[in-house]
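S.K.: Take a look at the letters that make up each chain.
2 protein chains.
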Amino acid sequence: MIYADYNGSAPLLPSVREYLKKRIDSDLFANPNAIHSMGQKVMKGLERCREIISSVMGCYPDQVIFNSGSSEGISHIVFSVLENAPAERRIILSSPQEHVVMPSVFNSYCERRGFTLVLAEIDEHGRVKIDQLREYLEKNGSKVALISIMAANNETGVIQPFEEIAKLANAQKIDYLCDTTQLIGKGRFHFENSGVSFAVCSGHKVGALPGTGFIMARDPQKLSSLVYGSSQEKGLRGGTQNYLGIETLAVALKDFQDHEAGLDTLKSARLNFEAQIKNQFPKAVVIAEKAERLAGTTLLGYPGLHGQAVQIELESQDIFVTTSAACSDNQPETSQILRAMGVDDQIGRSVIRISLSYSHGEKDYALLASALVSAYNKLGKIHSF
Amino acid sequence: MIYADYNGSAPLLPSVREYLKKRIDSDLFANPNAIHSMGQKVMKGLERCREIISSVMGCYPDQVIFNSGSSEGISHIVFSVLENAPAERRIILSSPQEHVVMPSVFNSYCERRGFTLVLAEIDEHGRVKIDQLREYLEKNGSKVALISIMAANNETGVIQPFEEIAKLANAQKIDYLCDTTQLIGKGRFHFENSGVSFAVCSGHKVGALPGTGFIMARDPQKLSSLVYGSSQEKGLRGGTQNYLGIETLAVALKDFQDHEAGLDTLKSARLNFEAQIKNQFPKAVVIAEKAERLAGTTLLGYPGLHGQAVQIELESQDIFVTTSAACSDNQPETSQILRAMGVDDQIGRSVIRISLSYSHGEKDYALLASALVSAYNKLGKIHSF
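Line by line, the protein sequences give chains A and C.
Per the numbering used here, residue 1 is the first one in the first sequence, and the count goes up by one each step.
Per the numbering used here, residue 1001 is the first one in the second sequence, and the count goes up by one each step.
Excised from the complex, chain A in its bound form (with noise of 0.2 Å):
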């Protein structure tokens, strides 16, 4: 069995899973809050899950604000940051490739509070058009609330030039969120260093318990409620704290930097693979194939094929990926992505998204090589599509 859909969700890593078995069969549960001492070492112990993550993400213990996952981390970014933006800065500035809760609350926020979503346009191999969002902030920076470009683009594994886009983002003062989801854990990235003003993680995306999380803030203040309780996270999160999805997050993000070695092995045999495949297949198109992309990502499409039939085909041989294309009543469609690419829809439905991690290689990527050949051989002479 390969799974190979590591963009969608990680399994419990094998030392998380370690880490749970032991942990299960101690008395340690108590409400972090509590007045005993066993409530007091629970805290003791989240406080230090706090300073291993902030270390591996490379930003303070303080900026680190725990929650139940990145779509609760970026409701509660943007709504602090459009409730408590100024009159004058009115535009929100993203790209088409976000995921799909961007829009979702930006077009709540353009409905109720009168704000504009401006999409950057992003070039045909998947990157934001760099050149243009500068000139675009040189003209109405002053107008912009906050500005929300992802990392690290879920479909493609194509990496976003947020560095660059915090480096505008500072420079007029402009919020801005990075949704970092897809690149922690599957690529090295440092708060500090990134510029960004808000990062998010997910816990499931790095292979600690599902409905974990937290927000990096460089200035946690800015954070207005959203879930509200007491001081728990010091007032910005209420909730008793999930301290056991916590201590696997601290597991999974140490594990992740103990092992970031793997990358470069991973980056290496995804490569081949990828030769491998066009070598075999030469209609064969690895979607932003010339762009730099997480290591472990690709997205393949042949043109003529219909995506989820490779897919299925897949899974009759135990290996698990999934179609970019968003499924409507079973009519495939070219994903917004790429059709913001540009990718024809002749490719565009036809494609599928491998996605592995670190501790993955080159006998993985073998093993899918060999069953993807013979899922296009059996699928080209059908002529599914």
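Hint data in this document are derived by calculation from the structure and do not stem from the laboratory.
Where a beta carbon is used, it is the ideal one built from N, C-alpha and C, also for glycine.
Among the hints, erroneous ones may be present.
[Claimed, not checked] Cβ-Cβ distance ranges computed for the label pairs, FRET-style:
| # | chain 1 | residue 1 | chain 2 | residue 2 | range |
| --- | --- | --- | --- | --- | --- |
| 1 | C | 1088 | A | 110 | 36 to 46 Å |
| 2 | C | 1361 | A | 113 | 54 to 64 Å |
| 3 | C | 1361 | A | 234 | 33 to 43 Å |
| 4 | A | 193 | C | 1142 | 34 to 44 Å |
| 5 | C | 1258 | A | 257 | 42 to 52 Å |
| 6 | A | 290 | C | 1230 | 25 to 35 Å |
| 7 | C | 1088 | A | 26 | 53 to 63 Å |
| 8 | A | 192 | C | 1258 | 24 to 34 Å |
| 9 | C | 1272 | A | 28 | 53 to 63 Å |
| 10 | A | 86 | C | 1027 | 46 to 56 Å |
| 11 | C | 1163 | A | 26 | 38 to 48 Å |
| 12 | A | 258 | C | 1258 | 18 to 28 Å |
Using the hints provided, position chain C relative to the given structure of chain A.
M.R.: Here is chain C on its own, set in the frame of chain A:
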């Protein structure tokens, strides 16, 4: 060791630990929204959990919306009701004994959106004065946007007349948010029979994983987005579902249902314990003694002693209780709830809260009694207060 702080947070139930240990060894980790069969299996499990939970709770599956716990649930419900309240309904009707999340979120709405917070009085038994509430609503019901009165109090354990309040609310078409966080898993609750509009549950209060929970909504369409996302939870709560957490919620609530009779054993053992303490220490005061309380909650005072001293003394005997007093700079104060009940400071500052679960009985209370007798005897001599 006796952990007697179940109202603060419950340890993972033994059945949840067993479940988790097996579950962690499985390979079934995937995004429940993924197109492949692993994702679909995870989703099927999640929906089965929703059915189990709704069956235990007495509601329909589509009335259950999973989230990260009660603080989020309450914030979400209050946001949804108040942001959509008609202009003529500007009163929030609550009580002085709600969980701190309530005044925190209500004050924000009073400041930002012009609502007025009205607090119902509570009597010396810790119960909301229902006749006064009825009178108030007869005169002002048409101006009330939301009633928020809890089901069972976290400090005193007193069960509130929530079914009667629900009747009053429904008669005037007022949304009634009943904070059921302390009642669920510690007492009998049936959502449909209760008549309330909204109820909430936190996993860590019922022996499931922390960071889990759900809203029960009579009409889920009344919920607006607080945490944005795509179609998860029918668009009512964004973010990849915390499927492992949800599975433990189902295990925990099923466990409760299977052992509900334990509540009667617990109650009877608790009453014997209280009688024994009062017999040996005639000055000891069981707060809200005459009210219907959670089966395993005792808030116990001893005039002249210092609650935290009793707590520490018990901890030296490996028994973990808490005080109900909000501490500031180590200056113990009578809690707001006790002040609202008219409890004087001599007693208010002396209280400890003992809270157990349906798995406990005579044996645990015998150990508690013995430890408490020795603590009271010791501290009574020192006159610590």
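S.K.: For every hint, state whether the structure bears it out.
M.R.: Hints versus structure:
For the hinted restraint 36 to 46 Å between residue 1088/C and residue 110/A, the CB-CB distance of approximately 28 Å leaves it violated. Remark: the range hint 54 to 64 Å for residue 1361/C to residue 113/A is upheld by a beta-carbon distance near 56 Å. Checked against the hint of 33 to 43 Å, the C-beta distance between residue 1361/C and residue 234/A comes to roughly 40 Å, which is consistent with it. For residue 193/A paired with residue 1142/C, a C-beta distance near 58 Å fails the hint of 34 to 44 Å.
Distance hint check for residue 1258/C and residue 257/A: the Cβ-Cβ separation is about 43 Å, which falls inside the suggested range of 42 to 52 Å. A C-beta distance of roughly 30 Å is found between residue 290/A and residue 1230/C, which places it inside the suggested range of 25 to 35 Å. In this structure the hint that residue 1088/C and residue 26/A lie 53 to 63 Å apart at CB holds, the actual value being about 54 Å. Against the hinted window of 24 to 34 Å, the Cβ-Cβ separation of residue 192/A and residue 1258/C comes to about 51 Å, which falls outside the hint.
In this structure the supplied range 53 to 63 Å is violated for residue 1272/C paired with residue 28/A, their Cβ-Cβ distance being about 30 Å. With their beta carbons about 51 Å apart, residue 86/A and residue 1027/C fall inside the hinted range of 46 to 56 Å. At about 40 Å, the CB distance of residue 1163/C to residue 26/A agrees with the hint of 38 to 48 Å. Separation of residue 258/A from residue 1258/C is about 43 Å and departs from the stated range, judged on CB atoms against 18 to 28 Å.
Checked against the numbered hints above, the structure breaks hints 1, 4, 8, 9, 12 and satisfies the rest.
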